[in-house]
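Asker: Chain by chain, the residues run as shown.
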Amino acid sequence: MKETLRKPVLAVGPFHPLQEEMEFFQLTVDGEIVTDIDVRISYNHRGIEKLSETLQFDQVPFLVSRVCGICSASHPLAYIQAVEEIAGVKPPERARYVRVIINELERIHSHLLWVGLGGHFIGYDTVFMWAWKYREPVLDLLEAITGNRNNYGNVRVGGCREDVPNEIIPKILKELDQIERKTEMLTKAVLDDPVLHARLKGVGVLSKADAVGYAVVGPTARGSGIGIDVRRDDPYAAYGDLDWNVISQTEGDVFAKAVVRLLETFESIKMVRQALRRLPDGPVAVEVKEIPPGEGCGHAEAPRGETFHYVRSDGGNRPVRHKIRAPSYVNVPSFKASCIGQHIADVTITLAAVDPCYSCTERLAVVDGHSNIIHDYESLLQLSREKTARIKREIGAPELKLEDL
Amino acid sequence: MKALKKSVWVFHVNTGACNNCDIEIVNLLTPKFDVERFGIRLVGSPRHADALLVTGVGTRQAAKRLQEVYRQTAKPCVVFCMGACAGGTGIFEGAYHVAGPVDKIIKEVDPNAIIAYVPGCPPKPEAMISGVVKALAAI
Amino acid sequence: MKQQELDNRLAEIRDKLIDIEQKANRRIFLLCERENSYAVNKFLFEGLGLRFVIVTGIDSEDCFEILYHYANDETGCFVTIKAFIRDREHPEIESITPMLPAAEWIEREIHDILGIGFRNHPNMRRLILSDDWPEGVYPLRKGLS
Numbered sequence: 016m017k018e019t020l021r022k023p024v025l026a027v028g029p030f031h032p033l034q035e036e037m038e039f040f041q042l043t044v045d046g047e048i049v050t051d052i053d054v055r056i057s058y059n060h061r062g063i064e065k066l067s068e069t070l071q072f073d074q075v076p077f078l079v080s081r082v083c084g085i086c087s088a089s090h091p092l093a094y095i096q097a098v099e100e101i102a103g104v105k106p107p108e109r110a111r112y113v114r115v116i117i118n119e120l121e122r123i124h125s126h127l128l129w130v131g132l133g134g135h136f137i138g139y140d141t142v143f144m145w146a147w148k149y150r151e152p153v154l155d156l157l158e159a160i161t162g163n164r165n166n167y168g169n170v171r172v173g174g175c176r177e178d179v180p181n182e183i184i185p186k187i188l189k190e191l192d193q194i195e196r197k198t199e200m201l202t203k204a205v206l207d208d209p210v211l212h213a214r215l216k217g218v219g220v221l222s223k224a225d226a227v228g229y230a231v232v233g234p235t236a237r238g239s240g241i242g243i244d245v246r247r248d249d250p251y252a253a254y255g256d257l258d259w260n261v262i263s264q265t266e267g268d269v270f271a272k273a274v275v276r277l278l279e280t281f282e283s284i285k286m287v288r289q290a291l292r293r294l295p296d297g298p299v300a301v302e303v304k305e306i307p308p309g310e311g312c313g314h315a316e317a318p319r320g321e322t323f324h325y326v327r328s329d330g331g332n333r334p335v336r337h338k339i340r341a342p343s344y345v346n347v348p349s350f351k352a353s354c355i356g357q358h359i360a361d362v363t364i365t366l367a368a369v370d371p372c373y374s375c376t377e378r379l380a381v382v383d384g385h386s387n388i389i390h391d392y393e394s395l396l397q398l399s400r401e402k403t404a405r406i407k408r409e410i411g412a413p414e415l416k417l418e419d420l
Numbered sequence: 004m005k006a007l008k009k010s011v012w013v014f015h016v017n018t019g020a021c022n023n024c025d026i027e028i029v030n031l032l033t034p035k036f037d038v039e040r041f042g043i044r045l046v047g048s049p050r051h052a053d054a055l056l057v058t059g060v061g062t063r064q065a066a067k068r069l070q071e072v073y074r075q076t077a078k079p080c081v082v083f084c085m086g087a088c089a090g091g092t093g094i095f096e097g098a099y100h101v102a103g104p105v106d107k108i109i110k111e112v113d114p115n116a117i118i119a120y121v122p123g124c125p126p127k128p129e130a131m132i133s134g135v136v137k138a139l140a141a142i
Numbered sequence: 043m044k045q046q047e048l049d050n051r052l053a054e055i056r057d058k059l060i061d062i063e064q065k066a067n068r069r070i071f072l073l074c075e076r077e078n079s080y081a082v083n084k085f086l087f088e089g090l091g092l093r094f095v096i097v098t099g100i101d102s103e104d105c106f107e108i109l110y111h112y113a114n115d116e117t118g119c120f121v122t123i124k125a126f127i128r129d130r131e132h133p134e135i136e137s138i139t140p141m142l143p144a145a146e147w148i149e150r151e152i153h154d155i156l157g158i159g160f161r162n163h164p165n166m167r168r169l170i171l172s173d174d175w176p177e178g179v180y181p182l183r184k185g186l187s
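Residue numbers (the working numbering), protein chains in the order written: chain A, 16 to 420; chain B, 4 to 142; chain C, 43 to 187.
One should not assume that every hint holds.
One side of the interface only, derived from the structure: several residues of chain B facing chain C at Cβ under 8 Å [to be verified]:
id, residue
1, Arg63
2, Gln64
3, Tyr99
4, His100
Hints listed in this document are in silico derivations from the structure and should not be mistaken for laboratory results. Since this is a predicted model, take the numbers as computed values, not measurements. Where is the CB? At the ideal position from N, CA and C, for every residue including glycine.
The shape of chain A in the complex, shown without the other chains (with noise of 0.2 Å):
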């Protein structure tokens, strides 16, 4: 009886301490290079769109910040946008100024959080602590505001819920500074640190035509020479007003996505600098009535790319059809694309960079349904890790140092 050879499976798998969604990977190997992934997504499906039409639209908001904790503030201005085009409402230009400023805050210590999980899996976990110790002043700058770490419930249709109060604008600039210093000094030592330009250019590299063919958005895209950003594209909120640069690199490696989501948050200061020195007087929202019959498509540039809503209404208070698609969504899927011909070293940084905010996506659950597994999640990061401790000792390099300020 003849045995066909199977080709052993690696499981990437459900629960890990540090990667905080379950995932479903298969990933099929011959000898150590991917040749191929499947993805089971289910896990953290709630079934949010069907919710949203037994919700009235000033409801909706609340419910689609929690499509994913780290777009938060992306979800429901997008919901916002496409709604506010359905009624012909214009937000007064105070919202729209408020809008980019927290916007721009949560793509902050978006970046931020990526940035430490990046470390973290290649085995730099002082670059972890540094970053998720210097984004906790974000945070804390958006609870001010808002009232919350996350969550933030800001928009609504017709503007804004909380306003910025004035008094607090010079706190806000002062930590600005702060954090751009911060951030200038984290990049400087990843930009500069050979070890990490040698673990991490030509790595998970997403060519520029599957990026087109996955249709792929934001770092992900713009690591790959796309530069699409909905903000300059399709200006929202204020973001016409502002003088800022969309970031791009061509490479496509995972080097290239970490440069863009570092260079594109000194953009974000800038954003919020100019927002909070232009802010214009006035009222935060405008009242509506009521939302008319049509349907509108609503479009933000979450941390991880373009978020979009489409809303259709028959004239009552709830929508008719709610459609959520999290940039993750198109993201994550070229993951197969950028992984496959890759060394399992490199499996769990290739699909970090592409920030997959699974909450958005799925969640991809990780399981073991083959007999040959031969390395659990646990054991890709050993290897991943073990292959900057080899590039450090073939080069080197003196430790990365980052100074506590």
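With chain A held as given, fit chains B and C onto it using these hints.
Answerer: Frame of chain A, contents of chains B and C only:
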């Protein structure tokens, strides 16, 4: 807040969460909150854990796996329902893919399970630490 | 491409459409029957090079609507194809995944939650509903609580 007399090993389980609670749990490890000084340690396997930190609503797909993790956890153990979702499905009540809340799922395999609740959406890290320390000191 | 050029080029596909609607500023809807949806999708993606965004499936009681959203990033314009599936008993439509890998997941999702068949989909399997979710129950159909 006094440190616990003995070190407590906790294992984190996400059963369908938006991530906020999960990120705050990871925050517990970072310098600002530094949960290790209270004797709390995050471990990589339920077999070594004294407590489970559970987030999320308990989706249909995650429910069986949560029960499996609970079975594997050394007894006695405490199940901490972190956040509004784990505590009672939160804002996702009535959603079609929700099998939770978490206590209902756990009690199916162990009606006498020890369950503690830390409310919030998400609970602040200070609230999580306070909840865990208080509950464990009381047991 | 610039907006004027986009408007001009959309006229090339007019014979495959029931109508072209302009909703808000830079929000265009192309209405068509399901038989023509593949050709219109191909025109937008391969012909015009627009960026695929996502697909929305809607149960409209007398028919199903499949909305394919595309973006023209240069002008921030959304072009949405609205394809009508009139046959409610056996609702199906041609899959666009063979030409657009990005569509794979969303077509599987719409199959899960609305029960729409996607002809020639290369990997039609359950995506977001749990392993134990009953067959034939489509949560996003109207009338299901």
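Asker: All hints are to be evaluated individually against the structure, with a verdict given for each.
Answerer: Hints, verified against the model:
1. Arg63: Since the shortest Cβ distance to chain C is 4 Å, the answer is holds.
2. Gln64: Constraint on Gln64(B) satisfied, holds at 4 Å.
3. Tyr99: 5 Å, holds
4. His100: Holds - the Cβ of His100(B) comes within 8 Å of chain C, reaching about 7 Å at its closest.
Hint compliance for this structure: no hint is broken.
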